[in-house]
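Asks: Read off the chains here:
There are 4 protein chains.
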Amino acid sequence: MSGKAGIIARTDREEAISLADRIVEILLKEGYDVLLEPALAEIMHKPELSAQLDRMRVDVIITIGGDGTILRTCLQIPKPEPPILAVDMGVRGFLTEVPPERAIEAVKKYLRGEYTIEQCSKIASYIGDKRLPDALNEVFVTSRHLAKILHVKVSMNDETVMSCRADGVIIASQVGSTGYALSAGGPIIDPGLEAFVLTPVCPITSIRPIVFPSSSTVKIEMIRPRTAMVVIDGQYQKMINEDEPSLTIRKSEHKSSFIRFGGSFYQRLKARLLFSREES
Amino acid sequence: MSGKAGIIARTDREEAISLADRIVEILLKEGYDVLLEPALAEIMHKPELSAQLDRMRVDVIITIGGDGTILRTCLQIPKPEPPILAVDMGVRGFLTEVPPERAIEAVKKYLRGEYTIEQCSKIASYIGDKRLPDALNEVFVTSRHLAKILHVKVSMNDETVMSCRADGVIIASQVGSTGYALSAGGPIIDPGLEAFVLTPVCPITSIRPIVFPSSSTVKIEMIRPRTAMVVIDGQYQKMINEDEPSLTIRKSEHKSSFIRFGGSFYQRLKARLLFSREES
Amino acid sequence: MSGKAGIIARTDREEAISLADRIVEILLKEGYDVLLEPALAEIMHKPELSAQLDRMRVDVIITIGGDGTILRTCLQIPKPEPPILAVDMGVRGFLTEVPPERAIEAVKKYLRGEYTIEQCSKIASYIGDKRLPDALNEVFVTSRHLAKILHVKVSMNDETVMSCRADGVIIASQVGSTGYALSAGGPIIDPGLEAFVLTPVCPITSIRPIVFPSSSTVKIEMIRPRTAMVVIDGQYQKMINEDEPSLTIRKSEHKSSFIRFGGSFYQRLKARLLFSREES
Amino acid sequence: MSGKAGIIARTDREEAISLADRIVEILLKEGYDVLLEPALAEIMHKPELSAQLDRMRVDVIITIGGDGTILRTCLQIPKPEPPILAVDMGVRGFLTEVPPERAIEAVKKYLRGEYTIEQCSKIASYIGDKRLPDALNEVFVTSRHLAKILHVKVSMNDETVMSCRADGVIIASQVGSTGYALSAGGPIIDPGLEAFVLTPVCPITSIRPIVFPSSSTVKIEMIRPRTAMVVIDGQYQKMINEDEPSLTIRKSEHKSSFIRFGGSFYQRLKARLLFSREES
Numbered sequence: 001m002s003g004k005a006g007i008i009a010r011t012d013r014e015e016a017i018s019l020a021d022r023i024v025e026i027l028l029k030e031g032y033d034v035l036l037e038p039a040l041a042e043i044m045h046k047p048e049l050s051a052q053l054d055r056m057r058v059d060v061i062i063t064i065g066g067d068g069t070i071l072r073t074c075l076q077i078p079k080p081e082p083p084i085l086a087v088d089m090g091v092r093g094f095l096t097e098v099p100p101e102r103a104i105e106a107v108k109k110y111l112r113g114e115y116t117i118e119q120c121s122k123i124a125s126y127i128g129d130k131r132l133p134d135a136l137n138e139v140f141v142t143s144r145h146l147a148k149i150l151h152v153k154v155s156m157n158d159e160t161v162m163s164c165r166a167d168g169v170i171i172a173s174q175v176g177s178t179g180y181a182l183s184a185g186g187p188i189i190d191p192g193l194e195a196f197v198l199t200p201v202c203p204i205t206s207i208r209p210i211v212f213p214s215s216s217t218v219k220i221e222m223i224r225p226r227t228a229m230v231v232i233d234g235q236y237q238k239m240i241n242e243d244e245p246s247l248t249i250r251k252s253e254h255k256s257s258f259i260r261f262g263g264s265f266y267q268r269l270k271a272r273l274l275f276s277r278e279e280s
Numbered sequence: 001m002s003g004k005a006g007i008i009a010r011t012d013r014e015e016a017i018s019l020a021d022r023i024v025e026i027l028l029k030e031g032y033d034v035l036l037e038p039a040l041a042e043i044m045h046k047p048e049l050s051a052q053l054d055r056m057r058v059d060v061i062i063t064i065g066g067d068g069t070i071l072r073t074c075l076q077i078p079k080p081e082p083p084i085l086a087v088d089m090g091v092r093g094f095l096t097e098v099p100p101e102r103a104i105e106a107v108k109k110y111l112r113g114e115y116t117i118e119q120c121s122k123i124a125s126y127i128g129d130k131r132l133p134d135a136l137n138e139v140f141v142t143s144r145h146l147a148k149i150l151h152v153k154v155s156m157n158d159e160t161v162m163s164c165r166a167d168g169v170i171i172a173s174q175v176g177s178t179g180y181a182l183s184a185g186g187p188i189i190d191p192g193l194e195a196f197v198l199t200p201v202c203p204i205t206s207i208r209p210i211v212f213p214s215s216s217t218v219k220i221e222m223i224r225p226r227t228a229m230v231v232i233d234g235q236y237q238k239m240i241n242e243d244e245p246s247l248t249i250r251k252s253e254h255k256s257s258f259i260r261f262g263g264s265f266y267q268r269l270k271a272r273l274l275f276s277r278e279e280s
Numbered sequence: 001m002s003g004k005a006g007i008i009a010r011t012d013r014e015e016a017i018s019l020a021d022r023i024v025e026i027l028l029k030e031g032y033d034v035l036l037e038p039a040l041a042e043i044m045h046k047p048e049l050s051a052q053l054d055r056m057r058v059d060v061i062i063t064i065g066g067d068g069t070i071l072r073t074c075l076q077i078p079k080p081e082p083p084i085l086a087v088d089m090g091v092r093g094f095l096t097e098v099p100p101e102r103a104i105e106a107v108k109k110y111l112r113g114e115y116t117i118e119q120c121s122k123i124a125s126y127i128g129d130k131r132l133p134d135a136l137n138e139v140f141v142t143s144r145h146l147a148k149i150l151h152v153k154v155s156m157n158d159e160t161v162m163s164c165r166a167d168g169v170i171i172a173s174q175v176g177s178t179g180y181a182l183s184a185g186g187p188i189i190d191p192g193l194e195a196f197v198l199t200p201v202c203p204i205t206s207i208r209p210i211v212f213p214s215s216s217t218v219k220i221e222m223i224r225p226r227t228a229m230v231v232i233d234g235q236y237q238k239m240i241n242e243d244e245p246s247l248t249i250r251k252s253e254h255k256s257s258f259i260r261f262g263g264s265f266y267q268r269l270k271a272r273l274l275f276s277r278e279e280s
Numbered sequence: 001m002s003g004k005a006g007i008i009a010r011t012d013r014e015e016a017i018s019l020a021d022r023i024v025e026i027l028l029k030e031g032y033d034v035l036l037e038p039a040l041a042e043i044m045h046k047p048e049l050s051a052q053l054d055r056m057r058v059d060v061i062i063t064i065g066g067d068g069t070i071l072r073t074c075l076q077i078p079k080p081e082p083p084i085l086a087v088d089m090g091v092r093g094f095l096t097e098v099p100p101e102r103a104i105e106a107v108k109k110y111l112r113g114e115y116t117i118e119q120c121s122k123i124a125s126y127i128g129d130k131r132l133p134d135a136l137n138e139v140f141v142t143s144r145h146l147a148k149i150l151h152v153k154v155s156m157n158d159e160t161v162m163s164c165r166a167d168g169v170i171i172a173s174q175v176g177s178t179g180y181a182l183s184a185g186g187p188i189i190d191p192g193l194e195a196f197v198l199t200p201v202c203p204i205t206s207i208r209p210i211v212f213p214s215s216s217t218v219k220i221e222m223i224r225p226r227t228a229m230v231v232i233d234g235q236y237q238k239m240i241n242e243d244e245p246s247l248t249i250r251k252s253e254h255k256s257s258f259i260r261f262g263g264s265f266y267q268r269l270k271a272r273l274l275f276s277r278e279e280s
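Residue numbers (this note's numbering), protein chains in the order written: chain A, 1 to 280; chain B, 1 to 280; chain C, 1 to 280; chain D, 1 to 280.
Note that these hints are calculated values from the structure, not bench results. Take the hints with a grain of salt, since some may be wrong.
Since the list gives no way to pick one copy over another, a pair counts as held whenever it fits inside one copy or between any two copies.
DSS-like cross-link-like pairs, simulated, lysine-lysine; straight-line CA separation at most 30 Å [unchecked claim]: (1) Lys130 to Lys148; (2) Lys108 to Lys251; (3) Lys153 to Lys255; (4) Lys4 to Lys130; (5) Lys219 to Lys148; (6) Lys153 to Lys270; (7) Lys46 to Lys153; (8) Lys148 to Lys255; (9) Lys270 to Lys219; (10) Lys148 to Lys270; (11) Lys219 to Lys79; (12) Lys251 to Lys109; (13) Lys251 to Lys153; (14) Lys148 to Lys79.
With the rest of the complex left out, here is chain A:
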């Protein structure tokens, strides 16, 4: 049962490229059509497989990198998103499950159908009528100027819940609760809970994260200044201007989906958070 596969790999690490090479070989042998991002195709001397990420219409994506690689993929890939098999070759990998040494085995398991699919909620955000790309991890609203405070008013379903002066505020999804929101002091949200979390970043007075139903409509109004920057998944930026100084946030109708081989959310956490760590 063949199909079409896309491969997204960090091009700044040789192991990532050589792993990509072995995976491409396996997939081609299996009768798959394979697509590579242009930079990767060039490094691998396979220009005939080159395709832009935002035009990769495939049945499965294999990412070889960290959370950044996955987030970028989910932002750009045509919707609906194909499932992602995420090989961990990054600094922090809450989204990835497969370590590099098990990557080949994981690809073979995938080909044999021995996997499950984990679906993850995404966050839609709007400036006026304009919809921004969905976030898998988080939507971050911050001052346009470094180290300048942003004063915002946050409402949920038309009720004001918070007024805060801070570096910014994060709305994170369940999986995103283990990312930037965690660094800013937010809790971990069980993936089985239909909830998002609002976390202020460096508020000037102590204001706590709020966990709320993902079915809520959240509105963030810029009080002072009347402009701000929205950053989605640490990858995509959009300015909020004075003529429309607010951002509306809802659960997206789209989801990202990941190919899993048995490792649960808490097992992934355990390996990274409640236990050991990398540093140097």
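Chain A is fixed; fit chains B, C and D onto it per the hints.
Replies: Chains B, C and D alone, transformed into the frame defined by chain A:
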């Protein structure tokens, strides 16, 4: 349409007692039967109205005090719990809505049926087969010895999610998220979300609160020592012994209910917590 | 005993300008020479008093604004800095002591010599040999790109003390400990202690603030990326480039000095921060 | 150059006892007099070496255990305290430097004089005129009742600095800043800084740790209730009663001293805090 009312008031504050006096008068005039806790009945020279809290079978309870008064009432009152009209005369009142100066007005509104009922989830906990009283705010498991670390393993639905050495761990409900759990670093949980929060207290390594579906079954196992103390709503204590060194926690089938006059959860928070100091 | 006074006021608030007007009048009557920043001089129709802040050689500065106004003044005023009489007309004023309604009285007290001087340590920082302007509150090193992680290694007196991935790191002085560093999770430092505090901002793993002697030499090396932005007192920005990817920090030989009328550090804190809400 | 050595070891771990055995042998061969705590002497079948800790007048102490073992030793040993060679055989060891596999080597180095002495400030505390045992890590004032809030007022050098409702407050030394105070949210204090840190434990409103000169006199007054419990180094407890409802804290004239072999404070931290961790 008369009925039976119970009044629970702090007896260490004269305003509480004189307010109780005025409320009793109104209720009696309205044809209500009124019951008072023995200590209050004595102070108010109405021994004929005296009744133990755990035998007060009434249609409505009026509390005049802080969160502690309410928590004690919800612990002891016969089930199913009657709705509570909570007048705030305490230090911290996240559960109360009515300030003393509006207490009479609130009682009259109640008598005219001009109110809504807010229902709050409660937490059931078990040591082996033995069920402890339900918690409205939180279940706290801690070392039996001051300043001694407790090592526990926490699982949800039979999956280990956390192993931690700490002063203890708190499982809090939505309303409880604004109480002790908040002091220990937990987030605020929107009352519309069917979720509880697990918060370690002074963990020796940084371990984050986890927000999870209230439908989960949580098990806390004592690793070292094999004994601990359970404290429910800061009021009820029970020892966990070596022969059964674990606590199981689930959502209770019971709820507490509060008589509300329009003030929402976030309005109650706002007055106390969420807004930057200089605002209101 | 007359002299030269400079006045620095927010020009976006009418009260600040009208207060400046009254103060100028008093000072002129007292025989003082008065200087105003050009924008203020224009608004007050006194072009003859106009002078750039960085050329204001005066005996005393009166600021009418918030902490931002003071920080800007301390950054730009010619050294050694004249003492500052700080009238509070801002959002957060940890540095200011005098509320607007007591401003005239404070100026008169100053003229009668009824005041004390509080001296505050400043922080010197260097990129290679190039010295940046001294910080009164803090030196903040951060990624040049919004929401991008900066990996730095921090050493004190040539010993590595911390390796962290974060939004950035703050080195704050004693007075600065109540500013941005506090928002990022740092402690308050007693002004009588010769200490600075190193606080990571949103570190991806839990890393704690370190309080260290202000006599230490701190070096912050950019590991990845090799570039960063330095922000001093939220006002002055300087890029750190790959050719010199580190910042060295020491206690400055300069101090800022404030005219005080009896209010202590903890009294200023108290009004803003330290006391439980319900007290004063 | 012989002398007198005391050995304090955990008796619940066989490795600790067998290591004690080997160390005793080396010391006796070297001509040292050796003393053992009674329980250890009994297990090691050396009743002739038995001595109570609080009567061990020796030239050096060797501890084989965790921080708890060291803290207990420093509390009970006759003053002035002999230097401690601390072998790490515990859960958390910020005070220990020598891992078990290097213990024999360390003892030999000590015998050859190849070491340095690290001196650590201790904290004296008084209830009225009654002095309690000095703390090496921290003095903790807490409610006498589990999960009950204690309202205290804290002053430094007769100035009120904080009023707080919390589980309790900790005053920690520099080395103690890496212990319980860290778990409660305090910063790390560089051992070169003459400072202590005041950290509230689970305050009901957000109150920050204060780092202050160790030369200060701190007074903690119990406001409500008027009683409390003092816990010193997690080991020694003393009740504070209504007749004298306050605790006075100063730097002690005594110090604890540790035998070090090159590992610095930050290296010890690094191995435990900013990097890996043990859990299961």
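Asks: All hints, please: hold or fail.
Replies: Hints and how they fare:
no. : hint             : in the structure
1   : Lys130 to Lys148 : both (26 Å within a copy, 25 Å between copies)
2   : Lys108 to Lys251 : neither (34 Å within a copy, 42 Å between copies)
3   : Lys153 to Lys255 : within (28 Å within a copy, 33 Å between copies)
4   : Lys4 to Lys130   : neither (32 Å within a copy, 56 Å between copies)
5   : Lys219 to Lys148 : both (21 Å within a copy, 25 Å between copies)
6   : Lys153 to Lys270 : between (35 Å within a copy, 12 Å between copies)
7   : Lys46 to Lys153  : neither (51 Å within a copy, 39 Å between copies)
8   : Lys148 to Lys255 : between (34 Å within a copy, 24 Å between copies)
9   : Lys270 to Lys219 : between (34 Å within a copy, 17 Å between copies)
10  : Lys148 to Lys270 : between (36 Å within a copy, 24 Å between copies)
11  : Lys219 to Lys79  : within (25 Å within a copy, 40 Å between copies)
12  : Lys251 to Lys109 : neither (32 Å within a copy, 39 Å between copies)
13  : Lys251 to Lys153 : within (20 Å within a copy, 34 Å between copies)
14  : Lys148 to Lys79  : between (36 Å within a copy, 26 Å between copies)
This entry does not satisfy hints 2, 4, 7, 12, going by the numbered hints stated previously.
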